[in-house]
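Dock chain R against the given chain G, drawing on the hints supplied.
Chains as they are written, first to last, in this note's numbering: chain G, 150 to 545; chain R, 150 to 545.
Calculated from the structure, these hints are not laboratory results. If you're wondering where the values come from, they're calculated on a predicted model, not measured in any experiment. Hints are not guaranteed to be accurate.
The list makes no distinction among identical chains, and a pair is therefore deemed to hold if it is satisfied within one copy or across any two copies.
For lysine-lysine, the following BS3-like pairs were computed, each having C-alpha atoms within a straight-line distance of at most 27 Å [to be verified]:
no., residue 1, residue 2
1, K318, K154
2, K173, K226
3, K417, K154
4, K417, K486
5, K417, K173
6, K412, K173
7, K226, K161
8, K501, K537
9, K183, K226
2 protein chains.
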Amino acid sequence: MINEKMYQLGSKRSTIREIFEYAKTRAAEIGADKVFDFSIGNPSVPAPKQVNDSILRIVNEMPSVALHGYTSAQGDKTVRDTIAANYTRRFGVPLCGDDLYMTCGAAASLTITFKALANVGDEFITFAPFFPEYGVFVATSGATLTVLKSDSKTMQPDFEALEQAISPKTKGVLINSPNNPSGVVYGVETMRRLTDLLKQKSAEYGAPIYLISDEPYRELVYDKETIVPCPMAYYDNTIVCYSYSKSLSMPGERIGYVAVNPKAADAKAVYAAVCGAGRALGFVCAPALFQRVAAECDGLTADLSVYKRNRDLLYNGLTECGFTCVYPDGAFYLFMKAAEEDAAAFCERAKKYELLLVNGADFGAPGWVRIAYCVQTDLIERALPLFKELAKEYNL
Amino acid sequence: MINEKMYQLGSKRSTIREIFEYAKTRAAEIGADKVFDFSIGNPSVPAPKQVNDSILRIVNEMPSVALHGYTSAQGDKTVRDTIAANYTRRFGVPLCGDDLYMTCGAAASLTITFKALANVGDEFITFAPFFPEYGVFVATSGATLTVLKSDSKTMQPDFEALEQAISPKTKGVLINSPNNPSGVVYGVETMRRLTDLLKQKSAEYGAPIYLISDEPYRELVYDKETIVPCPMAYYDNTIVCYSYSKSLSMPGERIGYVAVNPKAADAKAVYAAVCGAGRALGFVCAPALFQRVAAECDGLTADLSVYKRNRDLLYNGLTECGFTCVYPDGAFYLFMKAAEEDAAAFCERAKKYELLLVNGADFGAPGWVRIAYCVQTDLIERALPLFKELAKEYNL
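Bound conformation, chain G alone (with noise of 0.2 Å):
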């Protein structure tokens, strides 16, 4: 009788959210510090100071009408301008606060770019490993979502399966650099090779392909030599989907924008689009009091210190322990290969030391698992010993 997809969406609860809870129940029965919950990728480090010093000042000053009121649905006009233009300055596109859609974070950034671009029928493609909410966005679209492989070392595109599959009905290709779960970032040849082949096949088609950069985890790399291409410098039709939740640790808070390269194929109908999909699906406008602190606080990132040494600490524990693991530039996951063919089995052996991990099947990679060190680091160097054990029972 009520929409049963939607129920079966809101009853089934994510593998990572049952992890999460059997981890709280563990916690009670043996005590929290036997618990070793790698499930969740919840920022651990604070808000920057900033964060909560740009809040106080903002309601401290603001008449309340201006500041707790209606934006623009599109956004307040300051905050826009502010941020197109640290855009430029930092990664050297032009773009202007005309060219910026504000949201409520990644997951909104993404629903309302599928449902600007795509009509019944078109499809998106991404990259395993990928976040599976991909899935259920696009389909609010009504698109589908063709899920191609990587390579399985360096967790690149397989950019032979992808110029198999772009076809006519291909409205758009979605990456997400940092990567969850990877932890892999994209780098300079691989944006060249992909949005070579992008420009290929959008004149072949004679229709762009748009690339679609969910970029949540933009800030957080960890090595100097790592750099995150700006999509857009390498590719007229791109959109880029932004949130502060994990650069600034507020996911919470929901704030974020779209971008709409201003070079785009119908630059302003696609703007345009997007105002209408953040209307139909009922946005309005983005938090309001969150869309100034993001504009405050744009470029700034929480102590990211933390998830280096996490990641260093982690990398290096489990390399030593004989485990083969994706070196992570980037985000606060790494995936590592489970020590066994069949991951569900390897995870269930890993819970009897109380570690707990996520299935790669989960992200579109049977055979390996995701570890989240978004974590206190004590938590790091108490459960190594542990991997180590685990390692030990597979003769590693």
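Relative to chain G, chain R alone:
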């Protein structure tokens, strides 16, 4: 190429927005004090002091990671429990936290509810005059919206029309009381007749017809004798869509809730579908800080005496001029009969006096105009002599 419907929605400004923009241009030309903009339903009274007090205290007291982190998708448990307990105390119907789903305001509450309930081909029914975005929100769910007329004097539902319109395709009836744009309240008598009919028809078809009650103006009533009946007390299959935008004067912050009556048929499944729809549309969770502010300020209101003064001044002034007005029990809108058949022509003539009104045709009520009185009181005082001039033109 892109989605044409979304492009249309995003590129065609609403009439209200057109007038709002015209007002700004006109103010620059002749001075802001000479333009009488009655177009926009933006609260003109500051948020109650407790809103900012609450923001400051929470930000100063809560650890950053807990405050700004994700809440559960349905909203923070303590927040939901608090609001549900208040609801039960205020309205005398049993509600618990697990019946509440926190949202990004009324628009989100509605898109989520329609999406949760509807299958393609289903129908929702509402009554003119009505908020025109309802059509947009229902369309997102794949259902259609049928608009029935109201009694032209009382603006209460036409029950004969409703009885004829309900069919096995009717998934729900949508009401909005106090009403935008008419300002009327559906009293006890209306609520009884409406819910009796819904009970009878639900029984006849063997399937629940949901009552969806859009209540952003619930607290905005001005006479002691005006009571806004709690629909859950009359009808089990009720879903309440609430927003704090108007009661707490913070429409920009986007916070509200969906409440599923625990006595509804398949209440748990309906609630799960609400959770699923929130997920599918990209909401993740409602803004975390403002969830907590809403819980602390639930039941408070901005200073409504300003709206009451405005309403009395405007209603008395306009009826004295000879205009026919619906007595506005609540919200902050007054619905007035245009003094000629063509309300558009009437609005144009009013414009000569710099009186900016909204054509009722935009709300499904041709021949009427909406006057939003959420303005500074002196604007009404200065406008009344101009309305008198306008009335003279029509020999009222």
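Consistency of the hints with the structure:
Taking CA atoms no more than 27 Å apart as the test, K318 paired with K154 passes in both settings, with 24 Å inside one copy and 19 Å between copies. Only between protomers do K173 and K226 lie at most 27 Å apart by alpha-carbon distance; the minimum there is 15 Å, versus 43 Å within a single protomer. Taking the shortest alpha-carbon separations for K417 and K154, only the inter-copy value of 15 Å comes in at or below 27 Å, while the best intra-copy value is 34 Å. Taking the closest pair of Cα atoms, K417 and K486 never come within 27 Å of each other, the shortest separation being 45 Å inside a single copy and 39 Å across copies.
Taking CA atoms no more than 27 Å apart as the test, K417 paired with K173 passes between copies only; the shortest distance there is 24 Å, against 48 Å inside one copy. For a Cα distance limit of 27 Å, the shortest separation of K412 from K173 qualifies neither inside one copy, at 49 Å, nor across copies, at 31 Å. In this assembly of identical chains, the alpha carbons of K226 and K161 lie at most 27 Å apart only when taken from different copies (19 Å versus 40 Å within one copy). With identical chains, the CA atoms of K501 and K537 are at most 27 Å apart within one copy only, with a shortest distance of 13 Å there and 82 Å across copies.
Taking CA atoms no more than 27 Å apart as the test, K183 paired with K226 passes between copies only; the shortest distance there is 26 Å, against 50 Å inside one copy.
Checked against the numbered hints given earlier, the structure breaks hints 4 and 6 and satisfies all the rest.
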